[in-house]
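Colleague: Residues per chain are reported as follows:
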Amino acid sequence: MTTDSAVRGPEVPDAHRRGRVKCVVWDLDNTLWNGVLLEGDACDVRPEVVEVIRHLDSVGILHSIASKNDRAAAWQRLTELGLTDLFLHPEIGWQPKSESIQRIAASLNIGLDAIAFVDDQPFELAEVAYAVPEVLRVDVVDLADAIRWPEFEPRFVTEESRNRREMYRTQSVRAEAEREFAGTNEDFLRSLDMVFTIVHAEREHLQRAEELTLRTNQLNSTGRTYSYDELDAIRVRDDHLLLVASLTDTFGSYGTIGLALVEKGDLHWDLRLLLMSCRVVSRGVGMVLLNHVTRLARDDGATLRADFVETGRNRMMQVTYAFAGFREIARDGDRVVLERDADLELPEASYVRLVTDPIRTATP
Amino acid sequence: MDIRQVSGDDITRQILEFLSAATGGTALAEDQDYIAEGLVNSIQAVELVTRVEQRFGIEVEVSDLDLDNFRTAGRIADFVRRKRAAAAPDTRDG
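So the protein sequences, as listed, match chains A and B.
Read left to right, the first sequence gives residues 1 to 364 (UniProt numbering).
Read left to right, the second sequence gives residues 1 to 94 (UniProt numbering).
Mixed in with the good hints, there may be bad ones.
What the hints assert, rightly or not - Label pairs and their in silico Cβ distance ranges: (1) A/178 with B/33: 18 to 28 Å; (2) B/25 with A/252: 25 to 35 Å; (3) B/25 with A/298: 32 to 42 Å; (4) A/203 with B/37: 35 to 45 Å.
The hints are simulated quantities; they were obtained by calculation from the structure and are not laboratory data.
Here the structure is a predicted model, which means the values were calculated and not measured.
Glycine included, C-beta positions come from ideal geometry on N, C-alpha and C.
Taking the hints into account, I'd like the entire structure generated from these sequences.
Modeller: Structural data, given as C-alpha cells:
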C-alpha cells in the first residue's frame with residue numbers, strides 16, 4: 001500500500017476511520033473498465049472492481065460515478081454491462097470531478113468526509129485533493145489494499161444496510177413526487193398511504209436499534225446510547241417495554257426508523273428514550289409513536305413521564321414533547337423529567353395507518 | 001421592518017400566514033387547534049418556534065415550551081405580546 005498523501009484522505013484519528021465511507025465515487029475509463037470509451041476501446045469491465053462494488057454494496061455502502069465522458073455513450077455502455085442499478089446520482093460530463101463529488105454528496109445528503117473517490121489519473125486525484133480535501137482518495141491500483149482500510153468497514157451490517165441502496169433510490173423517487181405534487185402538504189401525506197408499524201423489539205431488531213441510538217441526533221430525547229447487550233437485556237424484562245417502529249408508503253419502505261424504551265411503574269411509566277430517524281422527520285410520525293406510548297400507559301392506568309436531556313442538538317424533540325402536551329415537573333441541570341397532562345385528548349394522525357402487535361412479553 | 005413597529009393584529013396575521021405556509025396552504029382560523037388536528041410535524045413545530053423568536057425578537061425559553069402557548073394562532077400572539085411586554089425597558093421615572 002502506498003503512503004503517498006495524494007492517494008489517502010485527510011489525516012483522521014484511527015478511532016474515527018472505522019466505517020467513515022458511506023459512498024464510493026468511481027471513475028469509468030481505466031478504472032471500472034479497461035480502456036477509454038471515446039477512443040473506441042472495447043471497454044471490458046474489470047471483474048475485480050465490480051466484485052469490490054458488489055461487496056461494499058452488500059454491507060450498505062453506496063456507489064456513484066464521476067466520469068469525464070459523453071453521458072449518453074457512457075450510460076449506454078453501463079447498460080450493456082448491466083451495472084446501472086448499482087449507481088446513484090451518477091455525474092458524467094466535463095465538469096471538474098470535485099464539483100461532481102459535491103453534487104453527489106448534496107444529492108445523498110451526506111458529508112464530503114463520508115465519500116471515497118477512486119480514479120486512475122494522478123491529475124484527477126490531485127484536483128479532488130485540492131478542492132475537496134475531506135474526501136478519501138484511492139488510486140485504482142491500490143484498490144485491493146484500500147478496501148481493507150477501516151474506512152470501508154461499517155460499524156454495523158444490518159438488514160437495513162443491505163437494503164440501503166434501494167431505500168435511497170426509493171427516496172429520490174419520493175422526493176421527486178413531493179416536488180411535483182400540487183396540493184397541500186397534508187394532501188400529499190394522505191396520498192402516500194403510510195403504514196406505521198410498532199412492535200416489541202425482537203433480537204433481529206437489536207443491531208438496528210443500537211445503530212439508531214448512535215446515529216439519531218435531532219429527534220432523540222436523551223442522547224443516551226445503548227449497546228446490543230443492554231437492549232437485549234431490557235427487551236425481555238417484564239417491567240420494561242422496548243418498541244421499534246417502521247414506516248412504509250406507496251413508494252416503499254423507510255426501514256426501522258423509531259424506538260421507544262419505557263420503564264413501567266404502577267402510577268406512572270417513564271419513557272427513558274424516544275427517538276426517530278431523520279429519514280422520516282417530515283412525515284409527522286414522531287408524534288404517532290409518542291401518542292401510542294401515551295395510550296398504552298393510559299390503558300394501564302398510568303400517566304406518562306419522559307426523560308429529556310438537552311444535548312444542544314435535540315431542540316426539535318423538546319418542541320415535539322411540548323406540542324404533545326408534556327410539561328417539565330423536575331429538573332437537575334440539563335436533565336429534565338416531563339409529564340403529560342392526563343386530561344389532554346390524544347390526537348390521531350389521520351393520514352397514517354397504525355399497526356401494532358398486542359402487549360405481551362418478548363420471547364427470550 | 002423594525003420589530004417594535006409590529007402592531008398586535010399584525011402579530012396574529014403574520015402567525016396565521018406562517019402556519020398556513022408551514023401546513024402547505026391549509027387556511028386556519030385564529031382559534032383553530034392545529035396541533036390537536038395533527039397539522040404540524042416535528043420539523044414544522046420547531047420551525048414555528050424559531051420563526052416566532054426571530055420575527056418578534058423574543059426568546060422562547062424551556063419553560064415557555066407549553067402547549068397552551070402554542071396550540072392556536074391567537075394563543076401564540078398572546079404569548080408574543082406577554083413576552084414583549086416583559087422584555088420592554090422600564091421607562092417610568094422615579
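Colleague: Does each hint hold? Answer for all of them.
Modeller: Here's how the hints hold up against the structure:
{"no.": "1", "hint": "A/178 with B/33: 18 to 28 Å", "in the structure": "holds, 26 Å"}
{"no.": "2", "hint": "B/25 with A/252: 25 to 35 Å", "in the structure": "holds, 27 Å"}
{"no.": "3", "hint": "B/25 with A/298: 32 to 42 Å", "in the structure": "holds, 34 Å"}
{"no.": "4", "hint": "A/203 with B/37: 35 to 45 Å", "in the structure": "holds, 39 Å"}
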